[in-house]
Structure formats: structure tokens, C-alpha cells
Amino acid sequence: MSKWQFTKGLHDLGRGAYAYLQPSGTWGYSNAGLIADGDQSLLVDTLFDERLTAEMLAVMQDATGFGADRIGVVVNTHSNGDHTFGNRLAKNAVIIASEAAAHEMREEGNPQLLAQLMKNTDAMGEVGSFFKKIFGAFDFAGVTFRLPDRTFTGEETLKVGDKQVRLIQVGPAHTAGDVSFVPANRVVYTGDILFIDGTPIAWAGPVSNWIKACDRILGLDVDVVIPGHGPITDKAGVKRMQDYLVHVDKEARRCHAAGMSSWEAAQNIPLGSFGGWEDPERLAVTVDTIFREINDDHSSRNILELFGRMAQLHSHYARTSESGH
Numbered sequence: 007m008s009k010w011q012f013t014k015g016l017h018d019l020g021r022g023a024y025a026y027l028q029p030s031g032t033w034g035y036s037n038a039g040l041i042a043d044g045d046q047s048l049l050v051d052t053l054f055d056e057r058l059t060a061e062m063l064a065v066m067q068d069a070t071g072f073g074a075d076r077i078g079v080v081v082n083t084h085s086n087g088d089h090t091f092g093n094r095l096a097k098n099a100v101i102i103a104s105e106a107a108a109h110e111m112r113e114e115g116n117p118q119l120l121a122q123l124m125k126n127t128d129a130m131g132e133v134g135s136f137f138k139k140i141f142g143a144f145d146f147a148g149v150t151f152r153l154p155d156r157t158f159t160g161e162e163t164l165k166v167g168d169k170q171v172r173l174i175q176v177g178p179a180h181t182a183g184d185v186s187f188v189p190a191n192r193v194v195y196t197g198d199i200l201f202i203d204g205t206p207i208a209w210a211g212p213v214s215n216w217i218k219a220c221d222r223i224l225g226l227d228v229d230v231v232i233p234g235h236g237p238i239t240d241k242a243g244v245k246r247m248q249d250y251l252v253h254v255d256k257e258a259r260r261c262h263a264a265g266m267s268s269w270e271a272a273q274n275i276p277l278g279s280f281g282g283w284e285d286p287e288r289l290a291v292t293v294d295t296i297f298r299e300i301n302d303d304h305s306s307r308n309i310l311e312l313f314g315r316m317a318q319l320h321s322h323y324a325r326t327s328e329s330g331h
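All the letters of the sequence shown, read from the start, carry residue numbers 7 to 331 under our numbering.
Derived from the structure by calculation, the hints contain no laboratory data.
Incorrect hints may have been included.
Within a straight-line C-alpha distance of at most 16 Å, the following computed EDC-like cross-link-like pairs (lysine to aspartate or glutamate) qualify [unchecked claim]:
hint: 1; residue 1: Lys-241; residue 2: Asp-221
hint: 2; residue 1: Lys-97; residue 2: Glu-61
hint: 3; residue 1: Lys-169; residue 2: Asp-45
hint: 4; residue 1: Lys-97; residue 2: Asp-75
hint: 5; residue 1: Lys-241; residue 2: Asp-227
hint: 6; residue 1: Lys-9; residue 2: Asp-229
hint: 7; residue 1: Lys-9; residue 2: Asp-240
hint: 8; residue 1: Lys-245; residue 2: Asp-203
hint: 9; residue 1: Lys-138; residue 2: Asp-128
hint: 10; residue 1: Lys-218; residue 2: Asp-249
Full structure from sequences and hints, please.
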């Protein structure tokens, strides 16, 4: 059990490392981090809109002296908006991401499209209701998106004061360009390579590579693990999420061999002890990703259809929970 409580706000991990947590870690409520040494600082990720990011930066300013004006570097662990849409507010920072993540941001990182979609949810039936439930609290219309200034592939080493920091590209997995970020003091910020007490979602895959990414983190000389979503953990938390991925990968392949479609498989895979995690409906996307890998299918995906499947699974799990089965 972690000695850090899962409460909103900034948590001092010691020796200039901090985690900013947003319970419960469900859709859009991501974590961020701060590394500070001397007069230098590095922010790990921004948040899903500028209101939340401004609130976080104000808390960091009060606690550490490093706020919107003084943060020197931002590392985006991957392309998703809940880790990038607040980038503009770190106005004096150099923003760094993997080249694959930057490419995804250029192609897909459009908060105004999300804002427009949210205006149309009432006309979108069940999937619209699902969008409203998971994204209704965020202000996408107020976001002016800022892309990375610099990119890398593989690994890169940075200095923050006297601290040496490693950026390790472990994707594609959750997305095409996932990076795990390792400061010098036995702490790793994993981005969305790790969800704790929440269900991971494989937008990119292959899931086999995500399982290897967990092995990579398990092999690091670290004690404290900051997930992209959920409470602070340790290597036991990494192993538990890896077990979920192994389970789903095995079950999806069994269903594929039995002739099921990816959607049929998602409705039939038993979650067992993982069923109590938040957002179990994400299984629908991960199973579809595994089927695409098996079929060597590189065609474009219908994202609205996938959200429709998740909406249906969400309703199914909610009914099952209420009935006690």
C-alpha cells in the first residue's frame, strides 16, 4: 500500500520530485509531475484544459516557486489531450515529446474538434450521453493548443540543475509515442503506460509491446512509480496492470481463434478480479487493437464506433453492478 494518499493536489516525493494527482483518475483526470533543482525545473505533462492546468501551476508556484513563468521544460509523455492541452500556459518552457507523439499531436490534437463534438452530444444518442458523462466537465473551447518545440526518438538525457533525467521511449503501446520519464532519485513517471485501479486502453498497441514496456519499468532502479492515472504506486502496481494486459491479450486471441468478431470478444471476455477497476468499458478498444494486430489490419479506425461500443459496455457493466451479478 502506498504511503501517499490519493488526494488531489501536489505531493512532495522528496529530493525535488513532486507528483500532482487528480482523483479518481477516470477519463481525463490525469496525473502530472514536477522535478526541481536549484533554479531549474521540468514539468511532466499538462492537464486536459487550461483551467485545470492553471490551477495546478498555481499550486506548484505556491509550494515550490515554480509556476507558469518559471518552468523551463515540459515533457509530454504522449499525445493525448489530458496530458498536453494545457501546454500553452507554461509560456517560457521548451516542450519536448517523442517524434511519434508529436506527429500524433499534429494529426489529432485538436481541442476545437472536441469542443464542437461536445456541443452536439444531445443529437448523438447513447454515445453522446457517454461523451457528456466522461468529458462534460472539461472546457475544450478555451484551449489554445501548443505543439512540442523539440522531439527525440529512443532515449534522451536532460539536466535539471544537478539532476540527470532520462527520457525513455517505450511506445507504441497506449499511443504511438509513449515515453516513461526517469529522474535521478528513484522515481519514474510512466505517463499512460500505467493506470492504477483504472482500466488501461490500447489505442495504438501492440499490446505485446506494452507488456514489454511494463518489464522495462520493472527493471528500473526505482521505488516510486507515478502512473498517468490513479494513485502513486510501486513495482507491484506495475505488475498488476501487466497481468491485466496479459489476461486480455490471451483471452482476445482465444476469442479470435474461435471465430468471434472483436466486438463479440469484448462482450465475452471475463474480467475476473480486474472487473472492479474504473472504466472497464475500455476493454472494447484494447480487444479491437489486438484483433487488428492479429489480422495485420492497418486501415483507419472509426473512433465514434469504438466509443459507441464503450458506451454500450459501460451501460452493461453498470446494470450488472446494480443487479449484484
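| query | For the pair supplied as a hint, Lys-9 and Asp-240, is the alpha-carbon distance within the 16 Å limit? | reply | The given pair, whose Cα atoms are some 10 Å apart, holds under the 16 Å limit.
| said: With the threshold set at 16 Å, check whether the alpha-carbon distance from Lys-218 to Asp-249 stays at or below it. | reply: holds (12 Å)
| Restraint status (C-alpha distance of Lys-241 to Asp-221 at most 16 Å) | Holds, at roughly 10 Å.
| said: Need the status of pair Lys-138, Asp-128: alpha-carbon distance at most 16 Å? | reply: Judged against 16 Å, a Cα distance of about 9 Å means the pair holds.
| query | Within a Cα-Cα threshold of 16 Å, do Lys-169 and Asp-45 meet the stated pairing? | reply | holds (12 Å)
| Given hint Asp-227 paired with Lys-241 - CA-CA distance at most 16 Å | holds (10 Å)
| query | Taken at face value, is the distance from the CA of Asp-75 to the CA of Lys-97 at most 16 Å? | reply | Judged against 16 Å, a Cα distance of about 6 Å means the pair holds.
| message | Just to be careful, I want the Cα atoms of Lys-9 and Asp-229 compared with a cutoff of 16 Å; is the pair within it? | response | Since the Cα atoms of Lys-9 and Asp-229 sit roughly 12 Å apart, the hinted pair holds (cutoff 16 Å).
| message | Just to be careful, I want the Cα atoms of Lys-245 and Asp-203 compared with a cutoff of 16 Å; is the pair within it? | response | At roughly 12 Å apart (the allowed maximum being 16 Å), Asp-203 and Lys-245 satisfy the hint.
| message | Can you confirm whether the C-alpha distance between Lys-97 and Glu-61 stays at or below 16 Å? | response | Measuring from Cα to Cα gives roughly 15 Å; hence the hint holds.
Hint violations for this structure: none, all hints satisfied.
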